[in-house]
Amino acid sequence: MSQELIKKAVAYSMKETTPDVRVGDTVSVHVRIVEGEKERVQKFSGTVIARRGGGMGETFTVRRIVNNQGVERVFPLQSPKVAKVEVIRSGRTRRAKLYFLRDRVGKSTRLKDVKRR
Amino acid sequence: MFPALLGKKIGMTQVYDEAGILSPVTVVQAGPCTVLQVKTDETDGYTSVQLGFGEKKLQRSTKPEIGHAKKASATPAKFVREIRAEEFPDGTELGATLDVNVFDGIKYVDVVGTSKGKGFAGVMKRHNFGGLGDGHGVQRKHRTGGSINGHGTNLGTGPTLKKGKRMSGHMGHETCTSRNHALIRIDSENGLLLIKGPVPGPNGGYVVIRTSKTAKAKA
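For the protein sequence lines, the chains are A and B, in the order given.
Heads up: the first sequence begins at 1 in the working numbering, then just goes up one per residue.
Heads up: the second sequence begins at 1 in the working numbering, then just goes up one per residue.
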């Protein structure tokens with residue numbers, strides 16, 4: 001009962017269409033960045049290795065390799081600063097969290113593609 | 001503007017503002033409240049309004065409660081509180097109903113609730129005492145408050161301590177006011193208020209929400 005009321009209360013703050021992000025996807029996240037007066041969009045692309053939480057607090061983790069160094073960024077799904085999430089490819093996964101990718105480098109980090117409906 | 005409303009704490013969550021900044025908010029179901037009694041200078045020597053919130057089953061109400069509510073052609077309420085103010089807006093009469101829209105245009109609110117009970121708590125938790133050391137020969141008294149007597153300042157008259165000497169004891173479950181919460185949003189459709197930050201009491205606890213009177217709220 002009270003959880004439903006909380007959902008109703010925050011409905012105005014939620015995005016109309018939540019980005020369809022799934023674990024295993026290769027995505028390009030468009031992030032709004034405000035620099036003084038100007039606002040620009042920065043892209044961060046990589047593999048979605050985790051999705052956690054629910055409602056306003058839901059986040060997803062994107063991992064990529066920059067200069068031979070693994071980088072992970074956590075994005076709040078509902079944040080207005082996450083302007084758009086472009087799904088480039090979808091990979092087949094058998095688990096919800098792909099933390100095992102952290103121990104892998106090079107070719108072994110590839111995931112088999114799947115076609116989305 | 002009516003100065004206060006009764007409500008129920010629903011729970012906490014977080015919302016983004018236009019700038020994309022995340023704020024922690026408490027969702028409070030406020031109103032509808034019924035005016036159960038109007039006190040005036042002539043009848044009571046001061047002005048105030050008694051509000052009722054939440055329906056109380058008739059078989060669980062006492063006859064005086066039912067009779068009192070009947071004067072306002074209402075049913076008994078679970079949570080009844082008196083709101084004092086010098087003046088009330090027009091239309092504040094016996095049996096009138098108030099909803100969240102009374103806070104239209106209000107930026108800051110105070111919330112009065114009953115804090116969560118902590119049971120019998122020691123001095124470190126209850127009064128932020130430092131306790132004694134963890135080692136260096138300290139034995140079996142790591143969380144004690146230390147000596148309570150021997151200083152002239154602690155002595156009352158006679159063989160007792162001064163009243164109010166801070167010691168362990170029951171903590172929490174007392175009326176607690178939390179001031180100057182930004183009112184983030186009024187959801188009149190669902191009768192909900194989004195109040196920034198945590199408010200006293202457990203989820204489901206009854207609270208009084210009133211407009212802040214501090215300098216910050218007036219600025």
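Everything labelled a hint here was simulated from the structure, so no lab data went into it.
Built from N, CA and C at the ideal position, the CB exists for glycine as well.
You may find that some hints are simply not true.
For the chain B half of the interface with chain A, some residues (derived, Cβ under 8 Å), not all of them [unchecked claim]:
(1) I10
(2) V15
(3) Y16
(4) Q29
(5) P32
(6) D44
(7) T92
(8) V112
(9) M124
(10) I186
(11) S188
(12) N190
(13) G205
Hints, one by one, checked against the model:
{"no.": "1", "hint": "I10", "result": "5 Å, holds"}
{"no.": "2", "hint": "V15", "result": "4 Å, holds"}
{"no.": "3", "hint": "Y16", "result": "5 Å, holds"}
{"no.": "4", "hint": "Q29", "result": "6 Å, holds"}
{"no.": "5", "hint": "P32", "result": "15 Å, violated"}
{"no.": "6", "hint": "D44", "result": "36 Å, violated"}
{"no.": "7", "hint": "T92", "result": "27 Å, violated"}
{"no.": "8", "hint": "V112", "result": "20 Å, violated"}
{"no.": "9", "hint": "M124", "result": "32 Å, violated"}
{"no.": "10", "hint": "I186", "result": "11 Å, violated"}
{"no.": "11", "hint": "S188", "result": "12 Å, violated"}
{"no.": "12", "hint": "N190", "result": "5 Å, holds"}
{"no.": "13", "hint": "G205", "result": "11 Å, violated"}
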